[in-house]
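Chemist: Protein sequence lines, in the order shown, are assigned to chains A and B.
Everything in the first sequence is counted per the numbering used here, starting at 1 for the first residue and increasing by one.
Everything in the second sequence is counted per the numbering used here, starting at 1 for the first residue and increasing by one.
Just so you know, the hints here were simulated from the structure itself, not pulled from any lab data.
Note that CB positions come from ideal geometry on N, CA and C, so glycine has one too.
One thing to keep in mind: the hints can contain errors.
Derived, one-sided and incomplete: chain B residues facing chain A with beta-carbon distance under 8 Å [as the list claims (entries may be wrong)]:
1) D133
2) P134
3) P162
4) E217
5) G254
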Amino acid sequence: MILVLILNHNDQKSIISVRNLYFRYYTRNKLTLENINLDIKKGEFVLLVGASGSGKTTLLRTINGLIPHFYGGFLEGTIIVNGLNPIKTPTREMAKYVGIIFQNPDNQLFMNNVEQEIAFGLENFNFPSDLMEQRINEIIKNYNLENIIHKQISELSGGEKQKVAITAILVLQPEIIIMDEPTSELDPKSTELILSMILHLNKNLGKTIIIAEHIIEKIFPYVDRIVILEDGKVIVNENIRYFFSKKLYLNIMKFKVPFYIQVLETFREKNFEILNQMDNFPLEFNLVLNVLNLIFEKLFNKLKENGKNPIELINIFLKNDENNNQTVTEQNSCLVEINNLLFYYNSNTKLRNKRTKKKNSINNNSLNDEVFESKDIESINQNKLGIIQNKFFLKIENKNFYGGTIVGIIGPNGSGKTTFLKLLNGLLKPIRGDILICGESTKNKTVASLSSKVGLMFQNPNIQFFRDTLYDEFYAILFNYATELNEIKPKIYQLMDYFDILKYKEEYPRYLSQGELQRSSMVSVLLSTPKILALDEPTHGMDAYQKKFLFDFLNEYKVKGNLVFVVSHDIETLINYADRILFFEQGCIKFDGSPSYVLPQLEIHIDKLKNENQYFNQQDSTYFISQSQKLIKSIPILNNLFLNKPKIVSSKKFIEFVKFLLSHLNEN
Amino acid sequence: MSQLKKINYYKWYNLNPILKFIFILELFIIPIIFTSPIYYLITLTFIIIISLENKVIKKILVFFRYGVYFCFLIIIFNVILNSNGTHYIYIIQIPHLNYNIVITWETVIYSLINSFSLILILISFGLINILVDPDQLNKIFSKLKLPYLLQFIIICSLRFFPLLLSDYNTIMDIQKSRGFELESKNLIKNLKNKMVLILPLLTNSLDRSIQIAEALESRGFGIYKNRSVYKPIKFDNYDKLILSLLIGNFILIGIIRLLGYGTYSLYISFNLPSLDVFELNLMILLIISNSIVYLGLRNKTNK
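With the sequences and hints as input, model every part of the structure.
Modeler: Structure, rendered in structure tokens:
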């Protein structure tokens, strides 16, 4: 009995204890961490949230000793991790107890082969060969690595690389695993893979996990505790259930409440008794669905009791919504015109581009038709994923894009989204057909000459800044555009101020956080004031607040008659802001229209493909269905009512819908 | 583990890396220390056979393509600057400089042989690169008891080189999209503009190196003086036999060179490469020994 009590007591003991911690980097004037006090128990799953630059990464670095051993700075306070003091213990010694996963998988994998990579840590700790084999075999078995264990690292997808990085840490069997935005550079499919792995580590293996993550939607139901940082200070350190049930988020600026919680909250605000009767605030998805099913059932019954027909109310709401959605884009001028475009990559693409250019200079009308006969195009149509004999292709019939529009581009990986953007700014030239930018063909234009019309923002902002300071970076760009010298400074200041990065003007760009870099990257594109903006995954690494800020800006930008293309996996944000959605599949535009048209069509299309056992598997399909659609589909009573009706695709609209129904309840 | 299906990228992938490495190293050394085209032909034959066996001819041709540019330069410079030889093809008089460019058959053939040697060095180096992957090279170095820091530097440079290339392409796209003219027809302007690529690439590589160092620290790299090796290279009797043959080959090459064989001089006047009987015997011995090594390795792959 005494032994049990002692064990229980030990279980409750903190594995990480931080007291009065202050830290400032040598290169910065401001404290990055200020008076941090934190206790994390063994086996706890802690979610670390905060705006970019709030000190999340710095806090994680202090736990495994990278601060102060690797990153210098002024440090004060005490930290005890698994009985050791990381300030005095070298990081390589701490590695036995604390494993860390970074954002970019490429920079944490050193070997060529997966098996060798997993063995790397064990080799460092001088493990005997047989023990290494035993541990690696266990890892392969437990994490289903059989298919990739003998692959080269370069052959793996982003998610697989991150999976290898995690297993390479796990093989050392550390007690604590800390993760610094491990999914920020991954697509939704890979994100899901990594999140499920993290859950397994905590729930089944009892590892203590601290994760700094901006995608909290999927992870929060499984987390024990939420720690929110703001300007280097802990402003919230609470049990996650308590945090949501007591609505602590209301006091926190820049905190976006997950959609399902928003729906529940809408009902709670109206004092719906089911929620008030519940002991525990529901967080798990399945539990939320059950609760919502009960709530909607009750709501519809009440409406009926009050003489209102729920189906009629739905019809009224959908009709109002339809009327509001009608926009007249044709009033603006056509900025991009695509005529029978065909493009494909192969080893000779560069050569072909040159040849096409040369031919065009002789005769503008004779395009490079001989390279692709109509017979080939037929065979292309029968191929999947836009790949024909290892050749990627993109084929778009006639399409016009008008100013004053945000065009969202979605589709599976490798379906041609980024290629399309590169064709717009002339980095790639069509093999056949033409793209007219403001009436001029891209074929005879250099990328530099097109850059003042089409601003392309690339995916990874980490490698886009090359000068000593942000200001120098922007200055060089404007100087290159031969802007009047007296105009350069005001223009840069104006844009930097708008994007809230003026305070970093003298900062070395690589010291900035992912979100700050993403905004800086946006400024670098906007300097040339292009009529057409093409953004490739601009919301990567951004929290909900930053996403809203970015899209609010894009809304303002389009109103001035500009055209914005946004390639993103972030369907939720796109459907709330985009006027038009293009769904790319197999190198073609499969659906084109408003979000409320494309997404329901897409749902039917994916269901059809799934039934035919085509390449869309169960997991893939979920990335092209909005949360609102998922909710309607998963709540039987709603699913029945929305049968054969267009579903509400936007989460914002769904909340409006709930409020609309509740308002009818209040009338009586 | 044995149940796991091993992916064979090429036939010799799972062979003992040391044997592969030494065999191709021998083919790499021959064109460096000999000047006779007969030895070059022997080397070329083995390179082609190994490449065909592993189906890597296309990859080897990439290295050949790089070599061709250098060969072009070798031929041009030799023909212009070297006027040795007695068999004249053409004499170009430059009156103002009082200088004659004398093109002789000897310089043309000499430069062709030099080019041949360069191509062989490049493609055998390519073959090492393709057939011995960096992880296997790591194991070779640890078997040779090289300090592991040095091993790691070599491995890292091989592992991150493709990433560097991909960064280069991305930076080029970014800079072009920001309005930097990198497609100018003016060569000098083009070279000058390329600076906007080189500096970012350097900054980026430095940044990457910091992140790599951070990750290395976090995985305990350098915690102990010695480091164990996962699945170290093991030698069975068959391997030992092939290894002794390979060592024999190196000794034989040394003997041939020390005896003054394997050289070919075109100057003062053109003559065909000649072999005396003893050299011929040594050469046949070298061919036979290499053939046995090749067949031995092939046999091991098929086992």
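Chemist: Hint by hint, which ones does the structure fall short of?
Modeler: 5
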